[in-house]
Amino acid sequence: MKCIRCKKQAEVELKSHNAAFCRDCFLYFFENQVLKAIKSFRMFTRKDKILVAASGGKDSLTLWNVLLDLGYNADGLFVHLGIEGFSDIAKGKVERFAKERNAKLVVVNLKDEGIPIPEVKKKTRRVVCSLCGQIKRYYFNMVGLKEGYDVLATGHNLDDEVSRLFSNVLHWKMEYLVDQSPVLPSEEGLLKKVKPLYRVTEYETSVYAFFKGLDFVDIECPYSKGATFTMYKKHLNQIEFSSPGTKIDFYQGFLKNLKPILEKREEKVKNRCKICGYPTFSDVCSVCRLKGYT
Amino acid sequence: MTVDKRETYSFDTPISVGKILKKLNFLPFEVLVIKGDRLLTRDVVIRGDEEIEIRTVYSKG
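Protein chains in written order, with my numbering: chain A, 1 to 294; chain B, 1001 to 1061.
It is possible that some hints are incorrect.
Distance windows between CB atoms, simulated [as the list claims (entries may be wrong)]:
id, chain 1, residue 1, chain 2, residue 2, range
1, A, Glu119, B, Phe1011, 29 to 39 Å
2, B, Ile1015, A, Asn18, 20 to 30 Å
3, B, Ser1016, A, Lys234, 33 to 43 Å
4, B, Arg1047, A, Pro222, 39 to 49 Å
5, A, Glu31, B, Ser1016, 36 to 46 Å
6, B, Lys1035, A, Lys99, 48 to 58 Å
7, B, Arg1038, A, Glu31, 16 to 26 Å
8, B, Tyr1009, A, Asn18, 44 to 54 Å
9, A, Thr124, B, Lys1035, 18 to 28 Å
10, A, Arg125, B, Arg1038, 17 to 27 Å
11, B, Ile1015, A, Arg125, 14 to 24 Å
It is worth saying that the hints were derived from the structure and are not from the lab.
Just so you know, even glycine gets a beta-carbon here, dropped at the ideal spot from N, CA and C.
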């Protein structure tokens, strides 16, 4: 198989783009996809101060790496979840990444905040992945605002977005569909959030990480076994294999056709948490409730 | 020829990467197929006792 750009031996085949690329041309393609996402949604400019949510996984480190390579002003934020045999390894990977690139890294330790995930898990009957995500988003937002960042960037890729969309449509979670977008604009108390990898798949992100030699966490979070989205991703992969391009069509179709309708009926958060000021539907936000405030 | 994914599989050669993935029930975009420091596409034919690594690409967060 030959590269469609330079005719060298291809290393990557992308059926959804009807293309095959050698290493250099793939990296060019990948960076272009990210730039296209950033520019078409006006995510940020080179003047903006960007905070990358860095978990130590391939997606977040890929995002941070590509933003630095493209000349953006991107720092990292790592939230130490306090999960034994996982969080310390992840922290080590992120710290090494930052050190090698002379990039700034901010670390929040949930033990210091009184809500390490293993303790949270004991206190609740809710699915811990959902609570963990909620806590991480809380600190991404709080740190970002406190440290004066213009935008928070997360490493969600096309597969993440499509599986989430698939799940939200299957269960008609209208309140989540409203918020599903590559960009969530800043509001009072909420930092602007962007997903610059939304056009690239999990496979393409993995290829980028491999070509760039990124050293990322390759072990599974002990609490994430059997996550529903993983099951959806597998089903969606079968559909994508039979009909290449379905994932991006599904997601782009949602953004073009359904999202504008949903935005018209969006309910805005009116309250602020009386403890920390975070936007919430109730008097006290869920993170402060976990900390014991009522 | 050997495929290593914490487990090791052997196949009669010559055999294409695409056929190996099919035998192992992987879709082409669910894995990286690695030989040395290079990625292999589905059409590449593995010969003799060549070894390749198959690495899954799912997020593990």
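Okay, the hints, checked on the actual structure:
1. Glu119(A) <-> Phe1011(B): 29 to 39 Å: violated (48 Å)
2. Ile1015(B) <-> Asn18(A): 20 to 30 Å: holds (26 Å)
3. Ser1016(B) <-> Lys234(A): 33 to 43 Å: Distance hint for Ser1016(B), Lys234(A) is violated at roughly 24 Å.
4. Arg1047(B) <-> Pro222(A): 39 to 49 Å: holds (41 Å)
5. Glu31(A) <-> Ser1016(B): 36 to 46 Å: This hint is violated: roughly 30 Å between Cβ atoms.
6. Lys1035(B) <-> Lys99(A): 48 to 58 Å: violated (31 Å)
7. Arg1038(B) <-> Glu31(A): 16 to 26 Å: Hint holds: Cβ distance 20 Å, inside 16 to 26 Å.
8. Tyr1009(B) <-> Asn18(A): 44 to 54 Å: Cβ of Tyr1009(B) to Cβ of Asn18(A): about 31 Å, so the range 44 to 54 Å is violated.
9. Thr124(A) <-> Lys1035(B): 18 to 28 Å: About 47 Å separates the Cβ atoms of Thr124(A) and Lys1035(B), which means 18 to 28 Å is violated.
10. Arg125(A) <-> Arg1038(B): 17 to 27 Å: Given range 17 to 27 Å: violated, Cβ gap about 49 Å.
11. Ile1015(B) <-> Arg125(A): 14 to 24 Å: Check failed, 50 Å falls outside 14 to 24 Å.
Consistency note: the structure conflicts with the earlier hints numbered 1, 3, 5, 6, 8, 9, 10 and 11.
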